[in-house]
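Here is what each chain is made of, one letter per residue.
Number of protein chains: 2
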Amino acid sequence: MKIVVDAMGSDAQPRPDVAGAVAAAREYDLAVTLVGDQARVEEELAQHATGGLALEVVNAPEWVTMDDKPGQVGRTKPQSSMHVGMQLVRDGAADAFVSAGNTGAALAIATLHTLKRIRGIYRPALASIVSIQGNAVVLLDIGANAECKPEWLAQFGWMGSIYAERALGCASPRVGLLSNGEEVGKGTTLVQAAAELLEKDGVNFIGNVEPKEILSGAVDVAVMDGFAGNVFIKTLEAFGTTLFDLIRQELQNDWRSKLGGLLVRPAFRRVYRQVDPFEIGGAPLLGLNGVVIIGHGRSNTLAIKNAVRQARDAVQGQIVDTIRQYAPDVSNEE
Amino acid sequence: MKIVVDAMGSDAQPRPDVAGAVAAAREYDLAVTLVGDQARVEEELAQHATGGLALEVVNAPEWVTMDDKPGQVGRTKPQSSMHVGMQLVRDGAADAFVSAGNTGAALAIATLHTLKRIRGIYRPALASIVSIQGNAVVLLDIGANAECKPEWLAQFGWMGSIYAERALGCASPRVGLLSNGEEVGKGTTLVQAAAELLEKDGVNFIGNVEPKEILSGAVDVAVMDGFAGNVFIKTLEAFGTTLFDLIRQELQNDWRSKLGGLLVRPAFRRVYRQVDPFEIGGAPLLGLNGVVIIGHGRSNTLAIKNAVRQARDAVQGQIVDTIRQYAPDVSNEE
Chain A
262 MKIVVDAMGS DAQPRPDVAG AVAAAREYDL AVTLVGDQAR VEEELAQHAT
312 GGLALEVVNA PEWVTMDDKP GQVGRTKPQS SMHVGMQLVR DGAADAFVSA
362 GNTGAALAIA TLHTLKRIRG IYRPALASIV SIQGNAVVLL DIGANAECKP
412 EWLAQFGWMG SIYAERALGC ASPRVGLLSN GEEVGKGTTL VQAAAELLEK
462 DGVNFIGNVE PKEILSGAVD VAVMDGFAGN VFIKTLEAFG TTLFDLIRQE
512 LQNDWRSKLG GLLVRPAFRR VYRQVDPFEI GGAPLLGLNG VVIIGHGRSN
562 TLAIKNAVRQ ARDAVQGQIV DTIRQYAPDV SNEE
Chain B
262 MKIVVDAMGS DAQPRPDVAG AVAAAREYDL AVTLVGDQAR VEEELAQHAT
312 GGLALEVVNA PEWVTMDDKP GQVGRTKPQS SMHVGMQLVR DGAADAFVSA
362 GNTGAALAIA TLHTLKRIRG IYRPALASIV SIQGNAVVLL DIGANAECKP
412 EWLAQFGWMG SIYAERALGC ASPRVGLLSN GEEVGKGTTL VQAAAELLEK
462 DGVNFIGNVE PKEILSGAVD VAVMDGFAGN VFIKTLEAFG TTLFDLIRQE
512 LQNDWRSKLG GLLVRPAFRR VYRQVDPFEI GGAPLLGLNG VVIIGHGRSN
562 TLAIKNAVRQ ARDAVQGQIV DTIRQYAPDV SNEE
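Chains A and B, in that order, give the protein sequences.
To convert, take the position in the first sequence, counting from 1, and add 261; that gives the numbering used here.
To convert, take the position in the second sequence, counting from 1, and add 261; that gives the numbering used here.
Accuracy of the hints is not assured; some may be wrong.
Copies of the same chain are indistinguishable here, so a pair counts whether it falls within one copy or spans any two.
When the alpha-carbon atoms are kept at most 25 Å apart in a straight line, the in silico SDA-like pairs for lysine to any residue are as follows [what the hints assert, rightly or not]:
(1) K330 / A456
(2) K330 / L314
(3) K410 / D590
(4) K519 / D506
(5) K473 / Q510
(6) K410 / Q453
For the record, the hints were derived by calculation from the structure and aren't laboratory data.
Full structure from sequences and hints, please.
Structure, rendered in structure tokens:
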């Protein structure tokens, strides 16, 4: 198996990207191709002991930044590391692509220029794996499609189910549909129509769920439109940061809190690890003709390494072929 | 000023409802009317020293439960404490209504049966006041309207702005519109159209915001449709609970954590207080011909008392009259 890693993806590129790729090649015994500015990547590689590792570098003279417009960068930077890396997967020279770069750009380059959607898939979905208290939940869509149709949500449901089963090893994944509390509204027309489709779709659909059910592990897959999903995931991130900052501040407040703070530090690290996005890996793009995993821009070496492992698991689980089997025999809707 | 408190609202009714009403009458020097099953309310009142307080009881033989269907309960239980209480406000016998009961039922009874919408208001909004690190932010809509039109969101913007200014004392409230990250999608068509309207609407509109800006206090009012708002607020609640549970567990893990846990307890209480919904009060319903504040079902005495204070502040700030002044001179859209 060969995994392509975008050397120019993370905010601190190419350092964590290269270090994570090297660590993954060693730890998982994988062939890894680093794509990026050849000179910079090789300079960075020289900092590592790489003897015996199946590492290669493919030159890509351009790279995508967080400021690049997703809809344009496929045309304005056709030799970006993302573009070249995904081409390697498209052409069968590699099995998966990992990047900690601009998510919107990766989605556009994949969908419009390189890997393209699997036949019959209406829209690719950006998924996120949230793991709290040991329960891994596949959330999708978390931002690729702000406005969705019911059929798209239903596809997200079975694509997420395939991912949970084949990449995460979850038997008969329970699929829930994010809805607002029944005590106030009754779900949007979109949610109602999607629920009807999911009932008939052959997945293990357990019905509508609220955020607390997602966080308590009552589902293995949570389906949502990309707007609500983006709000959900960003609220988790923002509130986690806010709470940990508050706790840190309050533990500096007086001698008693300071002393206690020293003592509880290991307990806190354990809590933090259980909710820290870095531990979970990257966001898979589902519905494309190839495995693509997008990491956080602020990914460190560990996060990149984990994203490579995630890509390996998706390749071993034959996610792409399995989605192909389930996709309806229709041409892609535009 | 006279505030009506639903004695039969909270999960543990009538105990916290009556206790909170008594505490509010004493602390804020208000006239308070308790509406509910007369015998039960008077029995509960007898537990308190009420000498010198302006308290009265109005009998309402029925009450709404969390299982009652919001759309039907106005007809099936026309003598519920919610119904009777809102009628008192509608008829000018009181200035505001406070309940910790079924939010959807309160909305339906207010909109369809008693207070009705202010002329020119498309839809009433359910607002929530979130206060983190000392910044109070008015969020609306958090669940009254799962599907919205751009004009409704624009009205939520200026209704929220009026509330922030006149009930919370915030000068020139900064209004933001919840959107998904620009790095992936570009906001829904709804968000785009609402942003255009808010630009022209005379409020201090600072543009689109993400959850982290809401939590960091970059806005005083955050506008959103009721589906996204419900997801946002419930994600905060669920993640807060999850994190505090995790911390509690980990602090029981070994002697070092246990000892540290004892020492950091006061610091933790301060953190908890800063993010605890009870401290913030209830959810105002905006756009009705009367002040209505809905508390959490699990409200305790303090929460009820705070909700009464919030109702008083809204009455003193002349929220209803001010919204009336700004409402367009059109009949209500159905």
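Results of checking the hints against the structure:
| no. | hint | in the structure |
| --- | --- | --- |
| 1 | K330 / A456 | between (34 Å within a copy, 21 Å between copies) |
| 2 | K330 / L314 | neither (36 Å within a copy, 64 Å between copies) |
| 3 | K410 / D590 | within (18 Å within a copy, 36 Å between copies) |
| 4 | K519 / D506 | both (15 Å within a copy, 22 Å between copies) |
| 5 | K473 / Q510 | between (27 Å within a copy, 18 Å between copies) |
| 6 | K410 / Q453 | both (11 Å within a copy, 19 Å between copies) |
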